[in-house]
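Which chain is which? The protein sequence lines are A, B and C, in order.
Numbered as in the working numbering, the first sequence ends at 401 without a single skipped number.
Numbered as in the working numbering, the second sequence ends at 219 without a single skipped number.
Numbered as in the working numbering, the third sequence ends at 808 without a single skipped number.
Simulated from the structure, these hints should not be mistaken for laboratory data.
Hints may be right or wrong, so weigh each one.
With the Cβ distance kept under 10 Å, some of the chain A side facing chain B (calculated, not the full set) [unchecked claim]: (1) G47; (2) P48; (3) A162; (4) G165; (5) R167; (6) G182; (7) H185; (8) W200; (9) N208.
Glycine included, C-beta positions come from ideal geometry on N, C-alpha and C.
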Amino acid sequence: MSTTEQPTTPGFEVDPAAFRHLADAQVNVELDTGDMILNMGPQHPATHGTLRLVVRLDGERVIAADPVIGYMHRGYEKLTEFRTYPQVTTLINRIDWLSSFANEVPFVHAAEQLMEIEAPPRAQYIRTALTELSRIATFLLFLGEMGLQVGALTPAFYGFRDREHVLNLIEAATGGRFHPNFNRIGGLKDDLPWGWISETRNVMKIVLDACDVFEDLVVGNEIFQARTRSIGIIPGELGASYGVSGSNLRASGVDWDLRRDGAPYLAYPDLDFQVFTHPDGDSFSRYWVRLQETRESARMVLQLLDGMPAGPIMAKVPRIIKVPEGEAWVETENPLGQMGYYVVSKGATGPFRVKIRSASFSNVSILPWMLRGVYVPDVVTILASLYFILGDIDR
Amino acid sequence: MGLADSGLLQKPAAKPLTWLLNYSRKYSIWMFQWGLACCAIEMGAALASPRYDMMRLGVIPFPASPRQADLVVISGTVTDKMAPAIRRLYEQMPDPKYVISMGSCANCGGPYWDSYSVTKGIDQILPIDVYVPGCPPRPEALIEAVVMLQERIQNEGIGNDEMRKRWLGEPVNVG
Amino acid sequence: MADSATLTSRITDALGDAVVDQGEARGTLVIRVRPDAWRSSAEILRRTLGFDYLSFIAGIDWMPAPVVGLVEGDTSTPAQPSDMTFGVAGSAGRFQVFAHVQSTAQHAGVTVRTDVEEADPRVESWVSVYPGADWHERECWEMYGFVFEGHPSLRHLYLPSEFEGHPLRKDFPLLAREVKPWPGLTDVEPMPGGDDEAGEEGTA
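Given only the sequences and the hints, what does the whole structure look like? Please build it.
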C-alpha cells in the first residue's frame with residue numbers, strides 16, 4: 007500500500023486511511039447493492055414469445071431465475087377429450103408451430119397402432135420426407151435467429167430467406183405453409199404433385215449451401231464464439247434427469263436419437279444417417295449440433311427421394327374412425343426434442359385421454375438451475391440456444 | 045390542444061393539409077415488434093422475408109417498446125393470463141394507434157373456442173380496426189390488411205370526425 | 605433396444621413387492637405400484653436400473669365425462685362409453701398418476717402408475733429423485749388437484765393464480781361447449797364414387 011500525504015481541507019474531517027484505500031488501484035470497496043428483481047417478459051424481444059422470466063439480480067449476475075409460463079396455455083389435453091381423432095390432428099399441429107408436420111406424426115402413429123393398421127410404404131416415405139423438411143425449416147430459422155439474439159442481424163434474414171424455399175415445397179405438397187394438417191389416420195391426404203421430387207432435390211442443394219454459409223458466417227465468427235462458448239453448460243446426466251432432450255442433450259454428449267434408438271417409426275429404419283454429439287454442452291455446441299443435423303436432414307431427404315416406393319398413400323380405413331380400446335405411447339424425435347403422445351382410448355370416435363409430452367416443457371424446466379450465476383446478456387444467449395417454442399411449453 | 049385534437053384539421057378548408065398529413069402517416073407506420081403464437085411466424089415472414097417484404101409499404105417493425113409504436117398486430121392466441129398484459133401494452137401506446145387482429149385465434153378464439161383458458165377474441169378487450177382471418181393467414185393477407193388500414197388512415201378527418209377521435213383516444217366506429 | 609421380456613423381468617424383480625399389477629400398452633410396458641412405494645420405486649428405477657431420463661409425470665381421471673350438448677346424429681363430437689373402465693394395468697379408483705422414465709444408455713423405457721385416493725389425493729413427490737419432476741408435479745397439481753408431498757413449492761404453473769378448479773378432472777365442465785354445442789355438425793352422406801376413402805368429420 008502506498009503512502010500518500012492527503013491535504014486536509016479545513017473543516018472537513020476525514021480519515022486519511024480511508025482515503026488512501028480509495029486512492030489505490032486495488033479497489034476493495036464493498037459497494038452496497040441490494041438485489042434487484044428484473045422481469046423479462048411476457049413481452050420481450052428476446053424471449054421467443056410469451057415467456058416471462060423473473061430474475062433476481064446482483065448487479066449483472068443472476069442469483070435466481072423463475073420462469074413463469076402459461077401465457078400460451080390453450081388447454082390442449084382437455085380439448086382433445088372433446089374432439090374426434092381427425093379433429094385432434096387438426097389441433098395438434100399447432101403445438102410446435104414451426105415444424106407443424108412433425109407434431110401430427112406421433113399421434114397418428116399411436117392411433118394407427120391401436121387400430122392395428124399400417125400406412126403404406128409410400129405414405130411412410132412421404133411422411134418422413136415432410137418431417138425432415140419441417141426439421142430443416144425449423145433449424146434454418148434457429149440458425150438465423152440465434153445469430154440475431156447474439157447481436158448479428160444478417161443471419162436472421164438468411165434464415166428466413168432459405169426457409170421460404172423449404173416452405174414452398176411443403177406448401178406444394180400439402181397446401182399450407184405450416185399447419186398443413188396433411189396426415190390422416192392410415193396415410194396421407196394426397197399424393198405428391200408433379201415435379202415435386204426434382205424441385206426438392208434442387209432445394210436440398212440450396213439448403214446444403216446455406217448451411218455452409220452459416221458455418222462461415224456464424225460459427226467461424228470470433229464474436230459469436232466468445233458469446234457462446236462455455237455459456238450455459240448442461241451436464242449430460244443432469245440434463246437427462248430434467249428431461250432435456252433432442253439436440254440439447256446431444257450437445258451435452260449423450261448419444262441418443264429416437265430416430266435411430268427408439269421404437270421404429272416412419273421410414274427411418276431404411277435410412278442411413280449419422281447422429282451428432284458434442285462433448286461441451288454449452289450454447290455453442292447446441293448451435294453446432296443443430297447445424298450438422300440440418301445438413302444431415304438434407305441428405306436424408308435426398309435418400310428418401312431416391313428410394314421412394316410407388317403405391318397407394320392411404321390404407322383402408324373406415325369412414326368413421328373408431329379406435330379400439332387400449333393405450334399407446336409413441337415418442338418421436340421432433341426438431342425440438344422428444345415429443346410423445348400417450349393415448350388412452352376407450353373405443354369411441356375420440357380419445358379418452360391424451361397426454362402430450364412436449365420437448366420444450368422439459369427443456370425450459372432446467373432454466374432455474376442453469377441461470378444461476380449467469381450474466382444478463384448470457385441469459386439471452388442461453389434462451390436462444392435452448393430453442394423452445396412457447397406453444398410446445400404451454401400446450 | 046393541437047390542430048388534430050381540436051378538430052381544426054377536419055374542416056373542409058384544411059383538406060389538403062389533412063390529406064398530406066395522412067399520406068405521410070400512412071406510409072410511415074411503426075409497428076410494435078411483437079407476436080404471440082404461430083401467426084407471429086407469418087408476421088415475421090411478412091416483415092423479414094425478402095419475398096413478402098412489408099417494409100416496402102412503409103411499415104417498419106423497429107420498436108420493441110409500445111411507447112414508440114403506432115400499430116400493434118395481435119398475432120396469435122390470447123389467453124386469459126396474457127390478456128391483462130396485452131391491455132396494459134395497448135394503453136401504453138400513444139394516440140393515434142391502430143390494432144390489427146391477425147388470425148382466427150385473435151379474432152374469435154379460433155380452434156380453441158371451447159378452451160378454459162383462451163380469451164375468445166381479442167376484441168373483448170381491445171378495439172380492433174382490421175380483422176385478418178386465417179389460420180394462419182398468409183403473409184399476403186396481412187399485407188392486404190395493412191393496405192386496408194392505410195386506406196382508412198388516408199380518409200381520416202376528410203368528411204368524418206375520425207381524426208379528432210383518434211388523436212384523443214376516443215372510440216371510433218369502424219364500420 | 606433391450607428385449608422386452610428380459611426388461612420386464614428385470615424391472616419387476618428390482619421393484620419387488622411394490623408391484624401391484626402390470627400391463628402392456630403399445631410402445632411401453634406399464635407397471636402399477638403401491639401408492640406408498642411411489643418414491644421408492646423411482647429411486648430403484650433411477651439408481652439401480654439406470655433409468656436416468658424423466659419423460660413426464662401426468663395424471664389420469666378414469667371417470668367417464670358427463671355428456672353435454674350432444675345432438676342426435678352428430679358424429680363430429682365423440683361420445684365416450686358411460687361405464688368406468690380402467691386401463692391396461694387396472695386401477696383402484698378414479699385417479700391415477702403415471703410417469704414414464706427412460707434410459708439414455710440402454711434405449712429402453714417404462715411407464716409406472718399408481719393409484720391416488722379421490723377424497724384426499726396425496727402422492728409422494730419425485731423431486732428428490734428426478735429434479736425435473738418439479739414442473740411436472742406442479743402441472744399435475746394444477747390440473748388434477750393431486751398434492752405432492754415433499755415438493756418445494758406447489759403453485760400454479762399454467763393458469764393464473766385466481767383460477768378456481770382443476771381443469772383436467774372430468775367433472776370440470778367446458779362451459780363453451782355447454783353454452784353452445786359444436787357448431788360444425790356435418791351430415792354423414794356417402795361420398796360420390798364409392799366409400800373407400802376416409803372422410804373428414806368436420807374440421808376444427
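Could you tell me which of the numbered hints above are not met by this structure, giving the numbers in increasing order? Hint check: 8 and 9 fail, others pass.
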